[in-house]
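Chains as they are written, first to last, in my numbering: chain A, 1 to 278; chain B, 1001 to 1252.
Think of the hints as simulated: they come from the structure by calculation, not from any bench.
A virtual CB, placed ideally from N, CA and C, is assigned to each residue, including glycine.
Please note: incorrect hints may appear among the correct ones.
[Stated by the list, open to error] Label pairs and their in silico Cβ distance ranges:
#1 G1137(B) <-> G132(A): 50 to 60 Å
#2 A1244(B) <-> G71(A): 19 to 29 Å
#3 A111(A) <-> L1119(B): 31 to 41 Å
#4 A65(A) <-> T1116(B): 52 to 62 Å
#5 G106(A) <-> F1112(B): 18 to 28 Å
#6 L1185(B) <-> E178(A): 55 to 65 Å
#7 G71(A) <-> T1248(B): 52 to 62 Å
#8 E178(A) <-> R1015(B): 53 to 63 Å
#9 L1185(B) <-> G71(A): 40 to 50 Å
#10 A65(A) <-> L1045(B): 47 to 57 Å
[As the list claims (entries may be wrong)] Sample of chain B residues with no beta-carbon within 12 Å of chain A, all distances over it, derived:
#11 G1003
#12 A1006
#13 P1007
#14 L1014
#15 V1042
#16 G1095
#17 T1180
#18 A1195
#19 F1205
#20 G1224
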Amino acid sequence: MTAIEVRGLRKAYRGREVVSGIDLDVARGEVFALLGPNGAGKTTTTEILEGHRRRDGGEVRVLGADPGTAGSDWRARIGIVLQDADDAADLTVGEMVKHVAGFYAGPRAPAEVLALVGLTDRKDSRIRTLSGGQRRRLDVALGIVGRPELLFLDEPTTGFDPEARRNFWDLIRALAGEGTTILLTTHYLEEAEALADRLAVLAGGEIVAQGTPAALGGRASAGAKVSWRVDGVLRTEQVPDPTPLIRELVEAKTDLSTLTVTRPTLEDTYLALIGAHR
Amino acid sequence: MSGAFAPAPGRAPLRTVVASQIRMELTLTARRGEAVVLAMGVPLLVLLGAGLTEATNVPGDDRLAFVVPGVLALTVMSTAFTGQAITTGYERSYGVLKRLGASPLTRPGLLFAKTTAVLGLIVLQLITLAAVGLAVGWRPHLGSILPALGVTVLATAAYSGLALLMASRLRPEATTGAATLIYVLMLAAGGIMFAAPDLGTFGWFLLPLAAHAEALRETLSYGGSVPTAIWLSLGTWAVVFVTAAARTFRWE
Ligand SMILES: Nc1ncnc2c1ncn2[C@@H]1O[C@H](COP(=O)(O)OP(=O)(O)OP(=O)(O)O)[C@@H](O)[C@H]1O
Ligand SMILES: [Mg+2]
């Protein structure tokens, strides 16, 4: 079953095309990450799928419906964390979560949601007094309070401290583990690698690569870089498979206390893809 | 798949959703104390100042018969137009409309909740001010209350339309400035504290506040009927601005 199906999606602002015919398929229960440089069209694409923006062309089905015309029953099935939310400054954290929970038939308990994002002790604070990362955690809380089937997260962890980010990753894994479909955009490649089943790289309004984090852009077959030092002098070899080389070194009784084997990180692959596109 | 993290979506009954949003709108209004003071304080000052003292020249010998309906009309304008333009402008720029419009509340639900909250607030304010008027000696003709309510609904629709139009076209700071300026100009020239400049029928089309105030005077204070030109003026304002707002309103 597909949760999101996109064919030939196009969008232009004042005659300038920023999404130029992209195709996407996200299966139910999958965590899918959309990567790409600033201005690549990630938010534009995400907000078209959420029903926030109109598309200029192409076919879009989200949970079986066209987001441009879907009604309130469909809206109840999706959760949204926008990239730029600054609303409800005069309400308290607890009031806002409780209010949004009231839109749903069987919402998560507000106290439970606040605990999941680590905001329990800020429950009675006015939203305007939250720090940037706390405000972002509130956005996540509002996105999951309705127990959505499909969750859109547009750069959800901007401003999170390292501990909050790890907790957020655990939360996303728990949600995905029990069947929530998740579409995520992020600039943190380790986050995409930690969470995503599959990802797509968007650049200049087109998808330039798509695949699993391990295999993206030929990463799995890119080989490895083996380095070690002999009498303090660095030796480096690029090989498709490091096993024979290392066996050879061991048999020759080389000192391997400085041995490192590195594969291209997701970041290396990503930067190469973006560089090639320019 | 029935764990604590399993999806279980579903929306609450639409009535519950909208009722909850109306409550939220009223809570937020109450928290914006300065807006409530502007909405009630100025009309109250005008009522007591111009109604009970000889501070200004008003036509006729019954000061309250002239001043109280004008104050009621002023209150409708300040809540439906000035207050609404300012809050909607900021809400749009802060993303409130965007978030709620894409929630199960939906955009029509949000508009309905906002309109209901504004109407509720106006009704409360009008009852309060009319009660103060009665207490100091205003004697309205209740037999003419229906046409008075009719022009008030038209005026509210026109003001709301203009407010939403401005809020969706201008930056919030510009909206605040323009809405406040229009309020002050209307207060000065709208025939509330003293007679409006006599522009004849044309004045009613130019100054909806003057037209609304005059209609309330004719009905509530004098037991007469609403002049046709005023029905036409307020009806035109309402149709033009509600249509324009519905056509061009932007949620973000
Ligand atoms: N409402 C808008 N009006 C005009 N142009 C827009 C609008 N929204 C986005 N754009 C333009 O469209 C392009 C894509 O923007 P978008 O926000 O989708 O990028 P993004 O991939 O989300 O970037 P970021 O990583 O910075 O969030 C950019 O060039 C941007 O300037
Ligand atoms: Mg973006």
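Hint-by-hint comparison with the structure:
1. At roughly 57 Å, the beta-carbon separation of G1137(B) and G132(A) lies within the given 50 to 60 Å, and the hint holds.
2. Take A1244(B) and G71(A): their Cβ atoms lie about 26 Å apart, and the range 19 to 29 Å holds.
3. For A111(A) paired with L1119(B), a C-beta distance near 35 Å keeps the hint of 31 to 41 Å intact.
4. Here the CB-CB span from A65(A) to T1116(B) is close to 29 Å, at odds with the stated 52 to 62 Å.
5. G106(A) and F1112(B) have their C-beta atoms about 24 Å apart, which keeps the hinted 18 to 28 Å range intact.
6. Checking the proposed 55 to 65 Å range against L1185(B) and E178(A) shows it holds: the Cβ atoms sit about 60 Å from each other.
7. Hint check: G71(A) to T1248(B), Cβ distance near 23 Å, so the stated range 52 to 62 Å is violated.
8. As the Cβ distance of E178(A) to R1015(B) is approximately 31 Å, the hint placing it in 53 to 63 Å is violated.
9. Taken as a hint, the range 40 to 50 Å holds for the pair L1185(B) and G71(A), whose Cβ atoms sit roughly 43 Å apart.
10. Between A65(A) and L1045(B) the beta carbon distance is about 54 Å. The supplied range of 47 to 57 Å therefore holds.
11. Non-interface call for G1003(B) relative to chain A: violated, since the shortest CB-CB distance, roughly 5 Å, does not exceed 12 Å.
12. Taking the minimum C-beta to C-beta distance to chain A, about 4 Å, the non-interface status of A1006(B) is violated against the 12 Å cut.
13. Distance to chain A contradicts P1007(B) as a non-interface residue, since its nearest Cβ pair spans about 4 Å, not more than 12 Å.
14. At roughly 7 Å, the least C-beta separation between L1014(B) and chain A is not larger than 12 Å, which violates its mark as non-interface.
15. Separation of V1042(B) from chain A is adequate, the least Cβ-Cβ distance of about 22 Å exceeding the 12 Å criterion.
16. Interface exclusion of G1095(B) from chain A breaks down, the closest Cβ pair being 5 Å apart, not more than 12 Å.
17. For T1180(B), the non-interface assignment is confirmed: its Cβ lies about 20 Å from the closest Cβ of chain A, beyond the 12 Å cut-off.
18. The claim that A1195(B) is not at the interface with chain A holds, since no C-beta of that chain comes within 12 Å of its own (minimum 40 Å).
19. Under the 12 Å C-beta cut-off, the non-interface status given to F1205(B) relative to chain A holds; the minimum distance is some 37 Å.
20. Consistency note on G1224(B): stated as away from chain A, and its beta-carbon is indeed over 12 Å from all of that chain's, at 44 Å minimum.
The structure does not agree with the numbered hints 4, 7, 8, 11, 12, 13, 14 and 16 stated previously, though it agrees with the rest.
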